[in-house]
Amino acid sequence: MSGVITERPDKAGIQRQIVLPWSRTFQMTRENIFVRLGRSIITASGIFLGIAFMSAVLFGAAATVVSGKIAEQQLGVVAAGKDDQARTIWLVTMSLIVATVGIVNSMLMSVTERYKEIGTMKCLGALDKFIVRLFVLEAMLLGTLASVIGALVGTGAITLIYAARIGIGPTLSSWGVKALEVGGVAVPLWGAILVSVLLGGLLSVAAALYPAWRAAKMPPAAALRSEF
Amino acid sequence: MSSQASVYEYIVRTKDLRKIYTMGGQEVHALDGVDVDIRRGEYISIMGPSGSGKSTLFNMIGGLDKPSTGTVFIDEVDMAQLDAFELAWLRCRKLGYIFQSFNLIPVMTALENVTLPMIFAGMASDESMDKGMELLKVVGLGERYDHKPTELSGGQQQRVAIARAFANDPAIILADEPTGNLDLRTGKEIITLLKNMNEEKNVTVISATHDLKMIDVSDRVLWIRDGQIDRVEERADIKLSVGKMEGEEN
Chain L
1 MSGVITERPD KAGIQRQIVL PWSRTFQMTR ENIFVRLGRS IITASGIFLG
51 IAFMSAVLFG AAATVVSGKI AEQQLGVVAA GKDDQARTIW LVTMSLIVAT
101 VGIVNSMLMS VTERYKEIGT MKCLGALDKF IVRLFVLEAM LLGTLASVIG
151 ALVGTGAITL IYAARIGIGP TLSSWGVKAL EVGGVAVPLW GAILVSVLLG
201 GLLSVAAALY PAWRAAKMPP AAALRSEF
Chain Z
1 MSSQASVYEY IVRTKDLRKI YTMGGQEVHA LDGVDVDIRR GEYISIMGPS
51 GSGKSTLFNM IGGLDKPSTG TVFIDEVDMA QLDAFELAWL RCRKLGYIFQ
101 SFNLIPVMTA LENVTLPMIF AGMASDESMD KGMELLKVVG LGERYDHKPT
151 ELSGGQQQRV AIARAFANDP AIILADEPTG NLDLRTGKEI ITLLKNMNEE
201 KNVTVISATH DLKMIDVSDR VLWIRDGQID RVEERADIKL SVGKMEGEEN
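From first to last, the protein sequence lines are chains L and Z.
Here the working numbering is used: the first residue of the first sequence is 1, the next is one more, and so on.
Here the working numbering is used: the first residue of the second sequence is 1, the next is one more, and so on.
Please keep in mind that the hints were generated in silico from the structure rather than gathered at the bench.
This structure is a prediction, so every number in the text was calculated from the model and none was measured.
One should not assume that every hint holds.
[Claimed, not checked] Per label pair, the in silico range of CB-to-CB distance:
id, chain 1, residue 1, chain 2, residue 2, range
1, L, R30, Z, F85, 24 to 34 Å
2, Z, H29, L, R30, 39 to 49 Å
3, L, G156, Z, K66, 48 to 58 Å
4, L, W22, Z, N202, 28 to 38 Å
5, Z, N181, L, R87, 52 to 62 Å
The beta-carbon is built from N, C-alpha and C at its ideal position, and this holds for glycine as well.
Looking at chain L on its own, in the form it has when it is part of the complex (with noise of 0.2 Å):
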């Protein structure tokens, strides 16, 4: 120790590795869902109910083709088809703002009170990728699986309520009509259910990514400075 001190320009002695296997990142997600479960559900419920209207929506404009259907036979009356053509596209693209909403809000909720949590694991030698894996993984999860239940629970709902006023077999020859015309292309209902879990999972994801991604962008101290 000769008492000068030499600044060091190479950086010498300090390295870059940093891991997180997937296997812990499948683990911590797992641990995130289910030791807070309570506070998971309510996540799910925004993804949940978004996704549960809109299928119900489009359940129920392709079940009102068919009753329609029905009557006309019955009665000898024209469904007012244009009519109807107009009512479910404002009914479906209102039932996709819900679903948007409710799911961003969900998400944004779920990172942002877990800001602190972020910089302490930065401050662990957490890279920012690692904060943003273990959130997006999160979500894709609670996304699709809140998806896919809305999606059952919705038009399970709607079939019950066609099923009393038309009966059990019409109301399942529904799945095949089209519900939709996207661009002069119509979507039969089956499809249309498929797209809108699909597309919860992918706004739940979409919804987690920015914030996750600011929050580890943050300088640790300002993350942890949050409090909620």
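Given the structure of chain L, go ahead and fit chain Z onto it with the hints provided.
Same frame as chain L, now just chain Z:
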């Protein structure tokens, strides 16, 4: 690597450190030109009233925030020169953090909390478990390894946090008000624990605090006022006054 690193006397140096926040259109100088040299193995307390800038200084030294101007050297490496990977590596391997509010990951058990930095450092799972258990025993919580933070008292949580801070045998422990949320007795236990670790492992402990109990174990006390170093006291100079201020039996 470590033998080469120990050539340098100072583990932390800051040079004309400044941090300016803009609040409501006004510039607030949280740090206003701070030069500190901290020796290897030293137990140093940064003291000062709330808003004096001690936490800001703590954040700068710990690489948790960037200074507006000025430089922080850790082991004579300019922290501003490090990229994100190197900074993460530094936080993971060279620095250990302890916070006022413990900041354990709530969904993880005590052992999982302690082993997390080891996982980041690439240690094998079995090895990290063994080392984690060992550290928990050192802080007196060997039995509670499977408990979640909510199942532990404040003092116990802080012990887990200390075990976690030592996970990768850091060179520096940074403690921000480590006794701030604890009662007098538990606070004292935590201070003793930190001091023992400091002596046994020859780790540099830097603690931002306004807990006067801390003075007793500190090698040096850095008093901060209005973002500047007010004075630096060696342990010998201050030892006398402590007992009286705390009003405790000795």
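Checked hints:
| no. | hint | verdict |
| --- | --- | --- |
| 1 | L:R30 - Z:F85: 24 to 34 Å | 27 Å, holds |
| 2 | Z:H29 - L:R30: 39 to 49 Å | 46 Å, holds |
| 3 | L:G156 - Z:K66: 48 to 58 Å | 54 Å, holds |
| 4 | L:W22 - Z:N202: 28 to 38 Å | 37 Å, holds |
| 5 | Z:N181 - L:R87: 52 to 62 Å | 58 Å, holds |
The structure agrees with every numbered hint stated previously.
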